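S.K.: So you can see what is in the structure, the chains are spelled out below.
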Amino acid sequence: MTQTAARGAARHLADSRLFLPAVALGLILLFDLVFVPGFFSIEVKDGHLYGSLIDILRNSAPTVILAIGMTLVIATGGIDLSVGAVMAISASVACILIDPRIIGVSLSGNINAVVGDPGYSFVPMPVVILVPLAVAALCGLWNGMLVAVGRIQPMVATLVLMIAGRGIAQLITNSIKIIIFNDTFAFLGNGFLIVPFSLFVVAGLFTATWLLTRRTALGLFIESVGVSSRSSLFSGINERRVKLFAYAFCGFCAGVAGLVAVSSIRTSDANQIGLYTELDAILAVVIGGTLMSGGRFSLLGSVLGGLIIQATTTSMYAVGVAASAITAVKAVVVIMVILLYSQQTQDAIRSLGRRYLGREAA
Amino acid sequence: MITAEGAAQARFRVDRKFMPLGATIGLFLLTYAAGILAFPAMRDGQAFFNLFNTTSFLLISVVGETLVILTGGIDLSVSGVLALTTVSTAVLLRAGWDPLLVIPLMLLMGVMIGAVMGFFITYLKVQPFIATLAGMWFARGMCYVISDAEVRIYHPAWKLLSGTRILIPGLADPVAKTGDYVTVLVVVAVLVLVAGLFLAHYTRFGRTIYAIGGNAGANEVSARLMGLPVNRTKMGVYMINGFCSALAGLAYSVYVGSGHGTHATGFELTVIAAVVIGGTALTGGEGYLIGSLFGVLITALIQSLIQFNGQLSSWWTSIVIGGLMLLFIGVQGLLTRGARSRGRASPATGARRRRLRRRRFLLGAVAGIAVFVVIGYGGLGIGRAGPSGSGGSATTECAIKPFRQDQAKTLAAGGAVVVYERNGGSGCIDELFAIYPDGKVTGDNGASQVMAQLSADQVGTLVKDITGLGWFTDKMYTTSHTPCAQCYTYFTSVTGDGKTKNVQAVDGGTDAPANYWLVTGELSAILPKFEAAP
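Residue numbers (the working numbering), protein chains in the order written: chain A, 1 to 362; chain B, 1 to 534.
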């Protein structure tokens, strides 16, 4: 009796969407435990926590933030390729608001004293944060318009902004790297409140999104649009509005990720900020168990997916793989994960499991 | 009843099929005409052939990608495979391998990578997007495993391939060896295009490609039910694209003369954009290879127009290309939607109204973008004609003045850390600036002088940027760029780390050093402006 219950629980666990990502993360950490001495040590310096685990959490912040937004878009059956470019746009807007000399605004007083001042910002800090987020959400809304109203295939619709977006970001800053001296702004990506401040941003965004999708009907709407946009329409769900929301929210998340990224490197590098991150974000969502075809989604799975990607990268650094060769390793991990998730493998595992469990029961 | 109306409709539908292609070709001709009106230098035949000379590798890659997209797939790995080919080629040649061995080996490598990705996509049902993404990452990562640093190619065969000019019969003087020319790479690219056209339109393989793509995967199912070799064809398409990527990589290594993992970053987007602008639907099944040729030409044309203009930031290229993509997607959306609504039985009124509203939205969007494009072209022309003050249409052609090297040397000897000359451009300017360590800046345009005062820190940052951004190399950059008379030429002399380096470069020169634009952007932001001549 108890054995059956335990087996049932085990099967329930194995069928859970979070099972595979959790196992994958566990495997990577196990690898670190065996091969990287001191990987799990965490030091306390000046009241801050330091260590490889903290590094993983901190460096995964932009990817995880993107993945949260991307989850909703993918759950509606879409995809957003433009998040990297939107990150760059939001970063450029923030920098231009702090230091607008590039666009011809003359700052009063001795320019270098003003701009070198760690408290200086041309507009108040809340504006510096909110305007880029609004711009990013508008970019997302534009994608949503193309997809939901224009009925353009999501990959194509968002490809437009992916190509044009980086150009727009360069135009905003006149393709000059603006260096940010403002310490308040830099706190977003560099600051510490015992743990890195960006973790609070991630946690806040995750909680808000979770509440929004799981404590209201919105999550259900998104999933139903993803399963069949037509049936949702017939059952009275305004699928267009749901899609618009998903894309705008994804843009907003990209804006947040852009702010975190630019504040941690303190330079508006429109060429590099968010480069190829859209791929990381999509991968994180896929690893997290949300299907690219849409439907059921798992926010926690996507967060785990982001952590898996970053944990792989950090572990590879730790064992001494060259930074530039990381992508090759990442590709191998992607392939392994995808093979693990593929229907064929899943079927094989399930039939094996059934045979084993079945024989035991008999 | 059926005959008359049906035949009319059928004829109309055939016309619709060619509309995206017609739009692409029309856009190219229109843009070219606008370019000729705005920039007299574009009337030079070489300006046309340079569209090919600068994009041979893009054309090669686009052929393969078009075939992939026609099957309803996508291949993001092109830039990765291209970079991997450049690195492997450079390293093997450095190790003394024979080019006759290296070239087939590289092509084989491309085919193999394509085969692996094709296997994942076809048999393991991995999404093309994900599988080829992994392929790109793998290839890019392998570049750095092979070599972290850029490897230059000194092999005589590569020099020969890049240096040989094939003169255009009738437009060149074969005895004096001057006149309009294309490079060897262009010939290779055109051969690949011809092979692709043959494959797509005159073989069973090509027919199967068209049968697989489109209709959100439903066509693939029907093709399978019809007994077409779907799996084999899909594998074949990815292998062909792998071949094309590797060949494009070889062409790229000839074009830039080196191999490195950062070569052609984001190239896959350019390729996909060229295919879409060429009128191929990303959903597959619809489109023509010949359209992709014009997609490539439009991309090259936009780039060269922005260079000819000389005032627009090069970043406008990506924005204009993004806008054009949207335009073409809109056109295709309108066409397929129109065809579909006519094909179906009369739908419920609500759905019809929605469809109508959607069409109106698309029409509005397309019209809006068309207006944007027209204004953009107008802006190109006006921006060009304005500063020269010649009243609009007629534009004076500037001869590039010789660099005032003696004067520059005197200034450098007088303690200037940066001597910077800007020559040509739309205003026919010739400005020589000197920047001193204490922040003093002097400028001389032959008629008047200007002065400005920066802070010493700013000068320090500038010199650090110039030296730190890979601009402080031993190579002297001398490029002549005949058709682009309105381009700026720059001469810069920088002193830092106790050494003096001279850099001479021209807009659009392919051998401009890394981050050249960053530094010229930084320079033009801090240099004083001359008063406009009365």
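Derived by calculation from the structure, the hints in this document are not laboratory data. Computed from a predicted structure; not experimentally measured. Ideal placement from N, C-alpha and C gives every residue a C-beta, glycine not left out. Any given hint might turn out to be false.
[What the hints assert, rightly or not] Here are the simulated distance ranges between beta carbons:
(1) Leu191/B to Ser342/A: 32 to 40 Å
(2) Tyr50/A to Val221/B: 50 to 58 Å
(3) Arg354/A to Leu191/B: 50 to 58 Å
[As the list claims (entries may be wrong)] Using 30 Å as the maximum straight-line C-alpha spacing, the simulated DSS-like pairs for lysine-lysine come out as follows:
(4) Lys159/B to Lys177/A
(5) Lys464/B to Lys177/A
(6) Lys17/B to Lys159/B
(7) Lys159/B to Lys125/B
(8) Lys409/B to Lys464/B
(9) Lys464/B to Lys440/B
(10) Lys440/B to Lys177/A
(11) Lys529/B to Lys464/B
(12) Lys159/B to Lys177/B
[Unchecked claim] Residues of chain B placed beyond 10 Å of chain A at every Cβ, according to the derived structure:
(13) Leu92
(14) Leu124
(15) Ile319
(16) Lys464
S.K.: What are the numbers of the hints that this structure violates, sorted from low to high?
M.R.: The structure conflicts with hints 4, 6, 7, 14 and 15, although it agrees with all the remaining ones.
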